[in-house]
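Here's the letter readout for the chains.
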Amino acid sequence: MSLLRKVMSGFVLFVSLFIGSLCAAEPEYSTLNLRPGVTENSQRVFDLHMEVVWIMLAVAGLVFAAILFAVIRFRKSNHPTPAKFSHSTTLEIIWTVIPILILAYLAKPAIGLLLDMEDTTKADMSVKVTGKQWYWEYEYLDSSVKFASRLSTPVEVYDNRNNEPVEKGENYLLEVDNELVLPVGKKIRFLLTSSDVIHSWWMPDFAVKMDAIPGFVNETWTRIDKPGVYRGVCAELCGALHGFMPIVVRALPQAEYDQWVETKLAEKAEAERLAAEAAAKNWSMEDLMAKGKEVYDAKCAMCHQKGGEGLGAFPALKGSKIAIESDKIDEHINIIVLGKNMMPKFGEELTDAEIAAVVTYERNAWGNDTKDVVQPARVTELKAGN
Amino acid sequence: MAHDHHPTGISRWLFTTNHKDIGSMYLWFSFIMFLIGGLMALLIRAELFMPGLQFFEPNFFNSLTTLHGLIMVFGAVMPAFVGLANWLIPMQIGAPDMALPRMNNFSFWILPFAFSLLLLSLVPQLFPDGPPNFGWTFYAPLSTKYGPASTDFFIFGVHLMGISSIMGAINVIVTVFNMRAPGMTLMKMPMFVWTWVITAFLLIMVMPVLAGAVTMMLTDRHFGTSFFDAAGGGDPVMFQHIFWFFGHPEVYIMILPAFGIASHIIPTFSRKPLFGYASMVYATASIAFLSFVVWAHHMFTVGMPVAGELYFMIATMIIAVPTGVKIFNWVATMWKGSITFETPMLFALAFVVLFTLGGVSGVMLAMTPVDKQYHDTYFVVAHFHYVLFPGAIFGTIAAVYYWLPKWTGNMYNETLGKIHFWFSIIAVNITFFPMHFSGLAGMQRRVPDYNMMFEGFNQLSSIGAFMLGFGQLLFLYIVINCVKGGKGKATDQVWEGAEGLEFTHLPSPAPYHSFEQAPEVK
Amino acid sequence: MSERKNSKVVKKVIGLLGLMTLFTFAMVPLYNVFCEITGINGKVLVSKELYESVEADKSRTITVELITDINREMPWKFNSTIKKLEVHPGELNEVVFYAKNYSKSTITGQAVPSVAPSQGSFYLNKTECFCFDQQTLKPGEEINMPMKFYIDPEIPDHIHTLTLSYVLFNATSKSSSSLSQR
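Chains as they are written, first to last, in the numbering used here: chain A, 84 to 469; chain B, 1298 to 1819; chain C, 2 to 183.
One chain only, chain A, in its complex shape:
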């Protein structure tokens, strides 16, 4: 029966491995433990977590020690005649009361921390976060900056089903095209909502996790202490690409943040000017195809795939009726502008020229050779409602 002793020692090994790993854990980006994070609350959450880990390990350790002792000392070979007792009121009271005391000890700091975490008043700025299948949209309520933030890991890097595994970067699946930029030292209030299913905005370094629920706004807050780049994910199952909508926050000192806002606003004005210009001009087939491929790979390939072959519930564009029949050009544009079923609407995110380019690309790439050339003007007309 030394086997039993072996499993017990194996178990002790496991537990000590766990304890050891906690001690050895690096303060940031540990692969073993929570991160202390970069806000006061995340640090407090981390401290409370460590406290409860130690207490719980101690409790479990005591129980295991008692079992181990009983298993060795009171095995039949060591202890042939069993005792007859079957209850002890004193003991039973003791092991009812002691857990209550331990729990009360744990509950006290948890209550204080919770009250602080839920106090969203007196915020310096508000950011609206909208969860969408499958990306995030951020809107700064104070400066009217608004953009979508999508996974930037290319689909051929994560979809290894047909080809050789591709080298994956350090931030694989945790990188986005447009980061959420926030100032340090300010109390930032997040307003969360969703335009389809429930998502959950989780930033481990801030100890912030809040559901984005369609039709309702939730609020939560943070105050970042340290400039840096922080990475999180969507935590609530939200459909096929739930694992592919990461969150990246870049925290900047106030001055740099202000600069960023200005740049962003200037960029927006410039982009609008360029878009108007582009929408007015007549594009060549080559320019449309080049632009279209760029837009397609960034925004469409995640679902419809690089080669237009589709993926599961996402329809193929290669050979699809809408993309090859010449009387369906307007319908094709409308789907991109207004969305359809699972497909989000791109009417606001993409310029008319970009939409025209991507439609042209989809109608001529991958053997769809329709020779159709769609000009931005047609998109503008359709958007205007005729």
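It is worth saying that the hints were derived from the structure and are not from the lab. Any given hint could turn out to be false.
Said to hold, decoys possible - Subject to a maximum C-alpha distance of 25 Å in a straight line, what follows is the list of computed DSS-like cross-link-like pairs (lysine-lysine):
{"no.": "1", "chain 1": "C", "residue 1": "Lys78", "chain 2": "C", "residue 2": "Lys149"}
{"no.": "2", "chain 1": "A", "residue 1": "Lys423", "chain 2": "C", "residue 2": "Lys78"}
{"no.": "3", "chain 1": "A", "residue 1": "Lys167", "chain 2": "B", "residue 2": "Lys1819"}
{"no.": "4", "chain 1": "B", "residue 1": "Lys1784", "chain 2": "A", "residue 2": "Lys159"}
{"no.": "5", "chain 1": "A", "residue 1": "Lys347", "chain 2": "C", "residue 2": "Lys78"}
{"no.": "6", "chain 1": "A", "residue 1": "Lys411", "chain 2": "C", "residue 2": "Lys149"}
{"no.": "7", "chain 1": "C", "residue 1": "Lys101", "chain 2": "C", "residue 2": "Lys139"}
{"no.": "8", "chain 1": "A", "residue 1": "Lys167", "chain 2": "B", "residue 2": "Lys1485"}
{"no.": "9", "chain 1": "A", "residue 1": "Lys351", "chain 2": "C", "residue 2": "Lys84"}
{"no.": "10", "chain 1": "B", "residue 1": "Lys1485", "chain 2": "C", "residue 2": "Lys6"}
{"no.": "11", "chain 1": "A", "residue 1": "Lys347", "chain 2": "C", "residue 2": "Lys84"}
{"no.": "12", "chain 1": "C", "residue 1": "Lys84", "chain 2": "C", "residue 2": "Lys149"}
{"no.": "13", "chain 1": "B", "residue 1": "Lys1715", "chain 2": "A", "residue 2": "Lys159"}
{"no.": "14", "chain 1": "A", "residue 1": "Lys423", "chain 2": "A", "residue 2": "Lys401"}
{"no.": "15", "chain 1": "A", "residue 1": "Lys347", "chain 2": "A", "residue 2": "Lys374"}
{"no.": "16", "chain 1": "B", "residue 1": "Lys1819", "chain 2": "C", "residue 2": "Lys6"}
{"no.": "17", "chain 1": "A", "residue 1": "Lys269", "chain 2": "A", "residue 2": "Lys347"}
{"no.": "18", "chain 1": "A", "residue 1": "Lys205", "chain 2": "C", "residue 2": "Lys139"}
{"no.": "19", "chain 1": "A", "residue 1": "Lys167", "chain 2": "B", "residue 2": "Lys1623"}
{"no.": "20", "chain 1": "A", "residue 1": "Lys159", "chain 2": "B", "residue 2": "Lys1623"}
{"no.": "21", "chain 1": "C", "residue 1": "Lys78", "chain 2": "C", "residue 2": "Lys139"}
{"no.": "22", "chain 1": "A", "residue 1": "Lys269", "chain 2": "C", "residue 2": "Lys84"}
{"no.": "23", "chain 1": "A", "residue 1": "Lys376", "chain 2": "A", "residue 2": "Lys454"}
{"no.": "24", "chain 1": "A", "residue 1": "Lys411", "chain 2": "A", "residue 2": "Lys401"}
{"no.": "25", "chain 1": "A", "residue 1": "Lys347", "chain 2": "A", "residue 2": "Lys270"}
{"no.": "26", "chain 1": "A", "residue 1": "Lys466", "chain 2": "C", "residue 2": "Lys101"}
{"no.": "27", "chain 1": "A", "residue 1": "Lys423", "chain 2": "B", "residue 2": "Lys1442"}
{"no.": "28", "chain 1": "A", "residue 1": "Lys466", "chain 2": "A", "residue 2": "Lys229"}
{"no.": "29", "chain 1": "C", "residue 1": "Lys78", "chain 2": "C", "residue 2": "Lys59"}
{"no.": "30", "chain 1": "A", "residue 1": "Lys364", "chain 2": "A", "residue 2": "Lys351"}
{"no.": "31", "chain 1": "C", "residue 1": "Lys85", "chain 2": "A", "residue 2": "Lys269"}
{"no.": "32", "chain 1": "A", "residue 1": "Lys411", "chain 2": "A", "residue 2": "Lys376"}
To be verified - With the C-beta cut set under 7 Å, the calculated list includes, among others, these residues of chain B facing chain C:
{"no.": "33", "residue": "Phe1474"}
{"no.": "34", "residue": "Met1535"}
{"no.": "35", "residue": "Val1677"}
Beta carbons: idealized from backbone N, C-alpha and C, even for Gly.
Starting from the structure of chain A, add chains B and C where the hints point.
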């Protein structure tokens, strides 16, 4: 058994009203479901072996996690416990059979249809948009407005499972209330019977809630209602409240009978009576009661008012107290006993040890501020697999080893049993322990792909899962081998320290009708 | 023999079953009442309040943020013309929302309001709002929709900012049993 006249062949099983036949069918059904659900788990672990999508597109991966959860909860664990209840309750209370034998037959035969409906969704010709893909918790609106066509089959499947569970529960309650042997007062009932009566009441109270939730889903999907749709004045969060009002008691439905099993096996092999029988009963009852008032601890991130969060945190932490009492009582039962380590005892010990681990991570999850970090990560996955695999499944396996000689009249192969145990306990820890780490480090649930920093622990989990899965085939062999003769005949008492009517008053194998004449209980 | 005893227990258990079924469906109205009382989720009472010229409390200023969203299946443009305004509790304010139907079909929209912090929903009183009714727009049609509200002067001191969110849902297929009739 020649003198027991009953039909043979297929009609024996189709029309049987015998509690032992029905119990066996439940157990075999649950084992088949366990293998199907386990196969899905292995597919999930294969996909998660390394970063990048290897085998499945993400939507199908979500279907796998959904079906794995539904099949294991409703197809493996719950029918296994009903099967054990069928086999054991009449023998333990000194009754000839269950009180409502025809309903017993019916409640079993519903199950294959329910699960056929669910598994039919895997046929792509019928459902081009795939099986249910919204997780076993089927949160609205992902499952209502955005659910695939197969959701309707899922809804009818859940209705059927619910009806089956309710009939099973009614049967247990009536049997225990009306058919106890003279002299067996409530406070003399074996622990397994006690835990099952309490489970049966939980089932009666929450299965209608589940049925209501899926009915509302159905009307939202097809009849224009807006229970869970904000557009018509509904609220998706209300779905979660209703679901978890069912879901949390459901968690205890899946563990209380295992508590009962451990309370039989540990005293037997310690050769000492169960410590604190009365407090065990009260602890079970209070756990059951508390399970109705803590549901929203599954929803700490939905934006509840802070007063609600505080209440649910405190109420949840209190559950640790009666649960602790049970664990301490088991340890005290072994204390100063005379312990031997046959396979059932090994599984029961592993149950106590590993369930304790699941319990302490449960206390961590109860604390709202830190739960906001743990919620929906692999830490939660580790937690509930620690209470379900070593809890419900090891409990069931322990029960099968413990009572199999009584059921078949033959001893199983002890050496193989021990190999099965060591293999399982090592594999279960390799599978689920690393999930604590990947969850804390930031890996969220229900994703087919992950960053490289989680690779090591996921590989470990996958290796463990394959060991664990294939290890259970050995269990299948041991059981079949035992049914066919095993290692010789079992004695009537089977185990040296075994107590209870089934061991003291019935021969091995137990006769077709357990107690033709009610025994006298002193 | 025990048939009668059995059916007695069965009847009781089925009674319990029936009660729980009733309870499940009762949870829906109970939940709504509970939400309206406690303000969970900022679910707003969509009822018209009368403005009884309450004294404006000029000593306090509350920032009201207006945010809009369009549910995915809604091919409209929808926004508020003002994103943010400072108001005194008690005074009547008017804001305007703009909507346009981009699609090729006539579509009915239903705006669903929500307030953060959820507690604030008690103190935001609307005297006129497009969310009381559904809006039907023909293809290409646009509309300016006024909304009048005042903030109850009894609003707790710790609330400095109120965010009012409107999400526009497609209500074309739903019957007209909208919020206003609930």
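Hint-by-hint comparison with the structure:
A C-alpha spacing of about 21 Å is found between C/Lys78 and C/Lys149, which places the hinted pair at or below 25 Å, so the restraint holds. Proposed proximity of A/Lys423 and C/Lys78 is supported: the alpha carbons are some 16 Å apart, at most 25 Å. Distance check on the hinted pair: A/Lys167 and B/Lys1819 sit about 18 Å apart at the alpha-carbon level, within 25 Å; holds. Proposed proximity of B/Lys1784 and A/Lys159 is supported: the alpha carbons are some 23 Å apart, at most 25 Å.
Taking the CA atoms of A/Lys347 and C/Lys78, the gap is about 23 Å. The hint holds against a cut of 25 Å. Proximity of A/Lys411 to C/Lys149 is assessed by CA-CA distance (about 44 Å); at most 25 Å being required, the pair is judged violated. With a C-alpha separation of about 9 Å, the suggested pairing of C/Lys101 with C/Lys139 holds against the 25 Å cut-off. Simply put, A/Lys167 and B/Lys1485 have alpha-carbon atoms about 18 Å apart, close enough for the 25 Å limit, and the pair holds.
Under the criterion of a C-alpha separation no larger than 25 Å, the hint pairing A/Lys351 with C/Lys84 is consistent with the structure, at around 18 Å. At most 25 Å may separate the alpha-carbon atoms for a hinted pair to count; B/Lys1485 and C/Lys6 meet this at roughly 21 Å. Annotation: proposed proximity of A/Lys347 to C/Lys84 holds, straight-line Cα distance about 19 Å (limit 25 Å). About 15 Å separates the Cα atoms of C/Lys84 and C/Lys149, which keeps this hinted pair within 25 Å; it holds.
A C-alpha spacing of about 18 Å is found between B/Lys1715 and A/Lys159, which places the hinted pair at or below 25 Å, so the restraint holds. For the hint linking A/Lys423 to A/Lys401, the alpha-carbon distance of about 18 Å falls within 25 Å, and the restraint holds. Simply put, A/Lys347 and A/Lys374 have alpha-carbon atoms about 22 Å apart, close enough for the 25 Å limit, and the pair holds. As the CA atoms of B/Lys1819 and C/Lys6 are separated by approximately 24 Å, the hinted pair is consistent with the 25 Å bound.
For the hint pairing A/Lys269 with A/Lys347, the CA-to-CA distance comes to about 20 Å; that is within 25 Å, so the pair holds. Straight-line distance between C-alpha atoms of A/Lys205 and C/Lys139 comes to about 43 Å, which puts the hinted pair past the 25 Å bound. A distance of roughly 19 Å separates the Cα atoms of A/Lys167 and B/Lys1623; the hinted pair therefore holds under the 25 Å criterion. Between A/Lys159 and B/Lys1623, the direct Cα distance comes to roughly 24 Å. Compliance with the 25 Å bound is thereby established for this hinted pair.
A threshold of 25 Å between alpha carbons decides the hint, and for C/Lys78 with C/Lys139 the separation of about 13 Å falls inside it, so the pair holds. At most 25 Å may separate the alpha-carbon atoms for a hinted pair to count; A/Lys269 and C/Lys84 meet this at roughly 21 Å. Our distance criterion of 25 Å between C-alpha atoms is met by A/Lys376 and A/Lys454, whose separation comes to about 15 Å. Of the supplied pair hints, the one linking A/Lys411 and A/Lys401 holds, its CA atoms being roughly 15 Å apart against a limit of 25 Å.
For the hint linking A/Lys347 to A/Lys270, the alpha-carbon distance of about 21 Å falls within 25 Å, and the restraint holds. Proposed proximity of A/Lys466 and C/Lys101 is supported: the alpha carbons are some 11 Å apart, at most 25 Å. Annotation: proposed proximity of A/Lys423 to B/Lys1442 holds, straight-line Cα distance about 14 Å (limit 25 Å). Of the pairs offered as hints, the one joining A/Lys466 and A/Lys229 holds, with about 21 Å between alpha carbons and a cut-off of 25 Å not exceeded.
Distance check on the hinted pair: C/Lys78 and C/Lys59 sit about 36 Å apart at the alpha-carbon level, beyond 25 Å; violated. The straight-line distance between the Cα atoms of A/Lys364 and A/Lys351 is roughly 20 Å, inside the 25 Å bound, and the hint therefore holds. This hinted pair checks out: C/Lys85 and A/Lys269 have alpha carbons roughly 19 Å apart, not beyond 25 Å. Restraint check for A/Lys411 and A/Lys376: the C-alpha separation of about 20 Å stays at or below 25 Å, so the hint holds.
For B/Phe1474, the shortest C-beta to C-beta distance to chain C is roughly 5 Å, which falls under 7 Å, so the interface hint holds. Because the smallest distance between the Cβ of B/Met1535 and any Cβ of chain C comes to about 5 Å, under 7 Å, the interface hint for this residue holds. Hint status for B/Val1677: violated, given a least beta-carbon distance of 23 Å to chain C, over 7 Å.
When held up to the earlier numbered hints, the structure conflicts with 6, 18, 29, 35 and fits the remainder.
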